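Peer 1: Residue numbers (this note's numbering), protein chains in the order written: chain A, 179 to 318; chain B, 179 to 318.
Treat the hints with care, since some could be wrong.
Chain copies aren't distinguished; within one or between two, either way the pair holds.
[Stated by the list, open to error] Below, in silico cross-link-like pairs of lysine to any residue (SDA-like), each with a Cα-Cα straight-line distance of 25 angstroms or less:
(1) K270 x P294
(2) K281 x F199
(3) K277 x F199
(4) K267 x A202
(5) K277 x G204
(6) K281 x A194
(7) K277 x M225
(8) K277 x T191
(9) K267 x F199
(10) K281 x S259
(11) K270 x R197
(12) K270 x Q212
Treat the hints as calculated values from the structure; they're not laboratory data. Given the structure is predicted, the values throughout are model-derived calculations rather than measurements.
There are 2 protein chains.
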Amino acid sequence: MSLRINIVTLGVTDVAASRDFYEALGFAASSASQPEIVFFQVGPVVMALFAKDSLAEDAQLPHGHGRAGAVSLACNLESESAVDALLGKAQKIGATILKPPQKVFWGGYSGYFADPDGHPWEVAYNPHFTIDANGAVQLP
Amino acid sequence: MSLRINIVTLGVTDVAASRDFYEALGFAASSASQPEIVFFQVGPVVMALFAKDSLAEDAQLPHGHGRAGAVSLACNLESESAVDALLGKAQKIGATILKPPQKVFWGGYSGYFADPDGHPWEVAYNPHFTIDANGAVQLP
């Protein structure tokens with residue numbers, strides 16, 4: 179069971195403005211970025227900028243939860259069955275399942291659990307992402 | 179200027195209970211952990227558990243900010259002057275400085291800036307942490 183942090187997603191008010199901010203700080207946006215979501219390769223980790231309302235909707239967060247300074251952590255695994263196994267383990271040890279694992283619109287398979295303080299963890303299989311030998315997502 | 183995510187700190191209600199949760203999920207706590215703060219090596223990234231009120235105090239967050247699902251990101255650099263330079267750059271491009279760089283009680287030197295949505299970034303020099311050739315913190 180390889181639980182790890184692959185992506186730190188910051189829920190933001192204005193994706194374009196936040197992209198400008200992080201580019202000004204010295205990050206280079208990946209070509210995988212889109213108007214709705216921006217990806218940065220930060221060493222072995224990926225940082226994403228995503229509208230906070232979209233993040234709340236994607237994770238099926240309770241209304242009003244964590245909109246200020248919204249963050250999610252993502253663990254990218256190699257297969258749908260690995261996603262099922264990790265979310266099953268999270269549920270077994272008492273985690274709240276925010277979103278059961280399911281096929282999602284971007285072509286992958288993903289679910290979310292919440293830790294004891296409600297921090298949302300996405301567990302995902304993304305066929306568009308390359309995972310290296312160390313388990314890190316490598317953006318284009 | 180090597181801005182990177184070294185540590186993802188989750189602000190939690192009960193550090194011991196959250197440690198139990200993450201250990202049950204399969205993480206192994208580092209020997210650097212203390213009752214007040216728990217560290218996990220998650221591949222090249224460090225995840226920390228810290229009381230959310232302590233996190234708010236450490237980052238000098240505005241009252242009530244981000245207590246639900248509190249998270250901070252940390253960038254560990256090689257020297258105090260590198261901390262000054264990065265926080266200076268953040269300020270120059272319009273970031274709010276939450277805490278000017280200063281010597282801190284744990285023996286290091288650190289400051290915080292906020293991104294456009296208030297996500298707190300700590301920029302720190304920590305003489306107790308080993309940083310490898312890739313810029314990753316390596317816990318004992």
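Peer 1: Give a verdict on every hint.
Peer 2: Each hint, compared with the structure:
1. Proximity of K270 and P294 under a CA criterion of 25 angstroms is satisfied intra-copy only: 13 angstroms inside one chain copy versus 38 angstroms between copies.
2. In this assembly of identical chains, K281 and F199 lie within 25 angstroms of each other by CA distance neither inside one copy nor across copies; the values are 33 angstroms within and 27 angstroms between.
3. Proximity of K277 and F199 under a CA criterion of 25 angstroms is satisfied inter-copy only: 19 angstroms between copies versus 31 angstroms inside one chain copy.
4. In this assembly of identical chains, K267 and A202 lie within 25 angstroms of each other by CA distance solely across copies; the values are 9 angstroms between and 41 angstroms within a copy.
5. Taking the shortest Cα distances, K277 and G204 sit within 25 angstroms of each other only across copies (21 angstroms), while inside one copy they are farther apart (35 angstroms).
6. Proximity of K281 and A194 under a CA criterion of 25 angstroms is satisfied in neither setting, with 28 angstroms inside one chain copy and 35 angstroms between copies.
7. Taking the shortest Cα distances, K277 and M225 sit within 25 angstroms of each other both inside one copy (22 angstroms) and across copies (23 angstroms).
8. In this assembly of identical chains, K277 and T191 lie within 25 angstroms of each other by CA distance both inside one copy and across copies; the values are 23 angstroms within and 23 angstroms between.
9. Taking the closest pair of Cα atoms, K267 and F199 come within 25 angstroms of each other only across two copies (11 angstroms); inside a single copy the shortest separation is 38 angstroms, beyond that limit.
10. In this assembly of identical chains, the alpha carbons of K281 and S259 lie at most 25 angstroms apart only when taken from the same copy (12 angstroms versus 48 angstroms across copies).
11. For the homomeric pair K270 and R197, the shortest alpha-carbon distance between copies (16 angstroms) is at most 25 angstroms, but the shortest distance inside one copy (38 angstroms) is not.
12. With identical chains, the CA atoms of K270 and Q212 are never at most 25 angstroms apart, being 36 angstroms at best within one copy and 27 angstroms at best between copies.
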